[in-house]
Amino acid sequence: MHPEIARIQTMLGGEGYVADREIATAIYLSMSLRKSLLIEGAAGVGKTEVAKVMARALGADLIRLQCYEGLDATTALYEWNYQKQLLHIRLTEASDRTVEQREHEIFGEDFLLKRPLLEAITREAAPVLLVDEVDRSDSEFEAFLLEVLSDFQVTIPEIGTIRARTTPYVVLTSNRTRELGDALRRRCLYLWIEYPTFEKELQIVLGKAPGINADLAGQVAGFMQLVRQAKLEKTPGIAETIDWGAALMALHRDHLDRETIEETLGVLFKSQEDARVVRNQWLDLWLRGLERLRAESRPWSQALVERVAAEGALRR
Amino acid sequence: MKATRSGNLAANVVAFTRLLRHRGLPVGPREASDALRALSAVDLLDRREVYVALRTVLVDSRQHFDRFDEAFREFWGAEEEETRPESQPPDGMTPEETAEAEQVLRKWLEAESQNPEGDETQETPGYSPAEILTRKDFSALSSEELHAITTLVTQIARRVATRMSRRMRAVRRAHLLDMRRTVRHSLRRGGEIMELLRRRRRIQKTQVVLLCDVSGSMDLYSRFLVQFVFALQHAVSKVETFVFSTSLTRVTDALSDAELSRALDRVARTVPNWSGGTKIGHSLRQFLELYGRQLLGDRTVVIVISDGWDTGDVEALEAAMRELNRRSARVIWLNPLLGGVGYAPLCQGMRAALPHVDVFAPAHNLDSLRRLERHLALPR
Numbered sequence: 000m001h002p003e004i005a006r007i008q009t010m011l012g013g014e015g016y017v018a019d020r021e022i023a024t025a026i027y028l029s030m031s032l033r034k035s036l037l038i039e040g041a042a043g044v045g046k047t048e049v050a051k052v053m054a055r056a057l058g059a060d061l062i063r064l065q066c067y068e069g070l071d072a073t074t075a076l077y078e079w080n081y082q083k084q085l086l087h088i089r090l091t092e093a094s095d096r097t098v099e100q101r102e103h104e105i106f107g108e109d110f111l112l113k114r115p116l117l118e119a120i121t122r123e124a125a126p127v128l129l130v131d132e133v134d135r136s137d138s139e140f141e142a143f144l145l146e147v148l149s150d151f152q153v154t155i156p157e158i159g160t161i162r163a164r165t166t167p168y169v170v171l172t173s174n175r176t177r178e179l180g181d182a183l184r185r186r187c188l189y190l191w192i193e194y195p196t197f198e199k200e201l202q203i204v205l206g207k208a209p210g211i212n213a214d215l216a217g218q219v220a221g222f223m224q225l226v227r228q229a230k231l232e233k234t235p236g237i238a239e240t241i242d243w244g245a246a247l248m249a250l251h252r253d254h255l256d257r258e259t260i261e262e263t264l265g266v267l268f269k270s271q272e273d274a275r276v277v278r279n280q281w282l283d284l285w286l287r288g289l290e291r292l293r294a295e296s297r298p299w300s301q302a303l304v305e306r307v308a309a310e311g312a313l314r315r
Numbered sequence: 000m001k002a003t004r005s006g007n008l009a010a011n012v013v014a015f016t017r018l019l020r021h022r023g024l025p026v027g028p029r030e031a032s033d034a035l036r037a038l039s040a041v042d043l044l045d046r047r048e049v050y051v052a053l054r055t056v057l058v059d060s061r062q063h064f065d066r067f068d069e070a071f072r073e074f075w076g077a078e079e080e081e082t083r084p085e086s087q088p089p090d091g092m093t094p095e096e097t098a099e100a101e102q103v104l105r106k107w108l109e110a111e112s113q114n115p116e117g118d119e120t121q122e123t124p125g126y127s128p129a130e131i132l133t134r135k136d137f138s139a140l141s142s143e144e145l146h147a148i149t150t151l152v153t154q155i156a157r158r159v160a161t162r163m164s165r166r167m168r169a170v171r172r173a174h175l176l177d178m179r180r181t182v183r184h185s186l187r188r189g190g191e192i193m194e195l196l197r198r199r200r201r202i203q204k205t206q207v208v209l210l211c212d213v214s215g216s217m218d219l220y221s222r223f224l225v226q227f228v229f230a231l232q233h234a235v236s237k238v239e240t241f242v243f244s245t246s247l248t249r250v251t252d253a254l255s256d257a258e259l260s261r262a263l264d265r266v267a268r269t270v271p272n273w274s275g276g277t278k279i280g281h282s283l284r285q286f287l288e289l290y291g292r293q294l295l296g297d298r299t300v301v302i303v304i305s306d307g308w309d310t311g312d313v314e315a316l317e318a319a320m321r322e323l324n325r326r327s328a329r330v331i332w333l334n335p336l337l338g339g340v341g342y343a344p345l346c347q348g349m350r351a352a353l354p355h356v357d358v359f360a361p362a363h364n365l366d367s368l369r370r371l372e373r374h375l376a377l378p379r
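Heads up: the protein sequence lines correspond to chains A and B, in order. Sequential numbering of the first sequence, starting at 0, is according to numbering that gives the first Met the number 0. Sequential numbering of the second sequence, starting at 0, is according to numbering that gives the first Met the number 0.
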């Protein structure tokens, strides 16, 4: 393994992020080729964290642009500080400057409020720019984004063209609610993050819920693997697993049983429909699967969990 | 990877990208040069690392992973080590399941066309065999044609979607405060804001609700409509999709997958009564009760696709249709039989529903799908 990739992997580990080799390699390549990194995967597999960790690894600032339906270019770039402009107009009322001069003043850089994209390209030291959930923006915004990411310069009518002082490290994430355009895809390196394996999730639980007993952590990780075999509206991700671990500890539980799981169902399943289906259809099967797992000697493995799931007809 | 050192490497990478392009991956000179740069930055003796690096640079979507893996093994030679790290196959599907899924899909693409005048038409009373021949419609397509048409449906939907979004921009009318212009104006009045200037705002997207009859006679048409609207939704609207025969199932989530063929197959597996009998009234009532509050409103277009052959309660159907009409901006009923020469909506169910339908249109071939466009855009 390239020493730098190993270093990134260790660094990610140090930040509490359990990264497999794909992730470390992609981050490394994105940093060394200076190309944007597009990360796709189901919700809750830790896409956003990659950017955060990357910023820490580089010692750079993280600038985040959260995309949403209707997000437009100006909101992402800059706005004028209207209050300050109005105040300035009042204060210079008595001066003998012409309207044109005063207009020029209030549309200067002092009155500019930088929004994430402009912020990212005007920093002295290259920051990490996280464009989160880019699939939620509409395709017009995507085209605009592509333009900014190609040239790293923007034009503000009143001021002129602003060129990037340094090229930011760009990370884009997508939950695939909308297929992104080919142009944007091709401009980026690509990383697909899968739901974690049993081993990886166990490591995450142990790392993120300090003080959890290893036995319970194993049961939690195993249970989550069973859960993800089911077809649900919203499959719980890593964040849910971590929350669940914390909830179980707060309740001082040291093993999983029906009562405990039912009590904490809301941590894992965030829709009423899912909670209902789980109660009626899946919980019994999962509990039986868990029983079977418990009968096996530790440490458990992904292969073992999958076998148990297959035997228990837990897949849909 | 032994033979890929120094001078050789560049030639090999170029040859490899050419192979990928040949296999249909969008890989050009830029990617090839990135690949070279990537390889110069990783440990070349580490096969796994080379694999990951090349995949990161050369593949731009997960759906191409398999093709890449295959080409990689072929070009750089197979090795005992498995190239896919996750012991879990993507999306939790086992190879058997994947194979099964493919089979289901292939069956769909082929089975229907093998008996163009078979079961389907016999189950559907009300029109003569002669009409079937004059309707050059989906059910009369050969398996090659079905393949081609699947792509076509998506293409047409894309074009329609582009046009629609352009039109929507032209009719924006809701107003937002434009502070930039307001401040500029106030300059001339010493900073006194005398007038609030406004700018146009993008209008709210239309909510489309799709209710598809998937009972025996409607199965094929519904699949095409689902596909059509699915392709539309990426660009233009919020779409909620339901299928019904004897009862209603919400399939929006099963469809919210970028890869449509897989999504369609998933629908087939999620819906318990795909191709059963039909209880339209009951199903619509179910929709109204469970989803009406959330989805219906003055920005909602409801599309029902069904032939109107109801084996349930006709009064229930009429009542449900009346309510549906009252609570939405527009109700479109698509009936594939309408494309047939001389078809009149005489069956009881259809007659009961018609007074409460704003647009009654055919949906039996590509052309009729294309014409759906003008009914989907709501004026503002």
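Keep in mind the hints are simulated off the structure, nothing from the lab. Hints are supplied without guarantee of correctness; some may be wrong.
Stated by the list, open to error - To spell it out: a stretch of chain A is covered by chain B in this simulated footprint if at least three of its residues, at any positions, have a beta carbon under 8 Å from a beta carbon of chain B; those stretches are:
| no. | region |
| --- | --- |
| 1 | 6–13 |
| 2 | 111–122 |
| 3 | 205–215 |
Said to hold, decoys possible - Among the chain A residues that face chain B by a calculated CB cut under 7 Å, a handful are:
| no. | residue |
| --- | --- |
| 4 | 0 |
| 5 | 21 |
| 6 | 25 |
| 7 | 82 |
| 8 | 84 |
To be verified - In silico EDC-like links for lysine to aspartate or glutamate, alpha-carbon gap of 16 Å or less:
| no. | chain 1 | residue 1 | chain 2 | residue 2 |
| --- | --- | --- | --- | --- |
| 9 | A | 230 | B | 322 |
| 10 | B | 237 | A | 68 |
| 11 | A | 233 | B | 297 |
| 12 | B | 237 | A | 95 |
Glycine residues also receive a C-beta, built at the ideal position from the N, C-alpha and C atoms.
Residue 233 of chain A and residue 297 of chain B were given as a pair; does the straight-line alpha-carbon distance stay at or below 16 Å? violated (29 Å)
Quick check: the region 111–122 of chain A, covered by chain B? Criterion 3+ residues, Cβ under 8 Å. violated (count 0)
Does the interface hint hold: is residue 82 of chain A within less than 7 Å of chain B, judged Cβ to Cβ? This interface hint is violated because 10 Å lies over the 7 Å limit.
Three-residue Cβ test at 8 Å for the coverage of the region 205–215 of chain A by chain B: It is violated: at least three residues are needed, and the region 205–215 of chain A offers just 0 whose Cβ sits closer than 8 Å to chain B.
Three-residue Cβ test at 8 Å for the coverage of the region 6–13 of chain A by chain B: violated (count 0)
Between the alpha carbons of residue 230 of chain A and residue 322 of chain B, is the straight-line distance 16 Å or under? violated (33 Å)
Hint validity - residue 21 of chain A Cβ closer than 7 Å to any chain B Cβ: With Cβ-Cβ at 5 Å, under 7 Å, it holds.
Verify the proposed pairing of residue 237 of chain B with residue 95 of chain A, using a straight-line Cα cut of 16 Å. violated (55 Å)
When the nearest CB of chain B is found for residue 25 of chain A, is that gap smaller than 7 Å? holds (5 Å)
Are residue 84 of chain A and chain B close enough, Cβ to Cβ, to be under 7 Å, as the hint says? Result: holds, 5 Å to nearest chain B Cβ.
16 Å limit on alpha-carbon distance, applied to hinted pair residue 237 of chain B and residue 68 of chain A: holds (11 Å)
Satisfaction of the residue 0 of chain A interface hint, Cβ to chain B closer than 7 Å: Given a least distance of 6 Å, the restraint on residue 0 of chain A holds.
Going down the numbered hints, you'll see the structure goes against 1, 2, 3, 7, 9, 11, 12, while the others check out.
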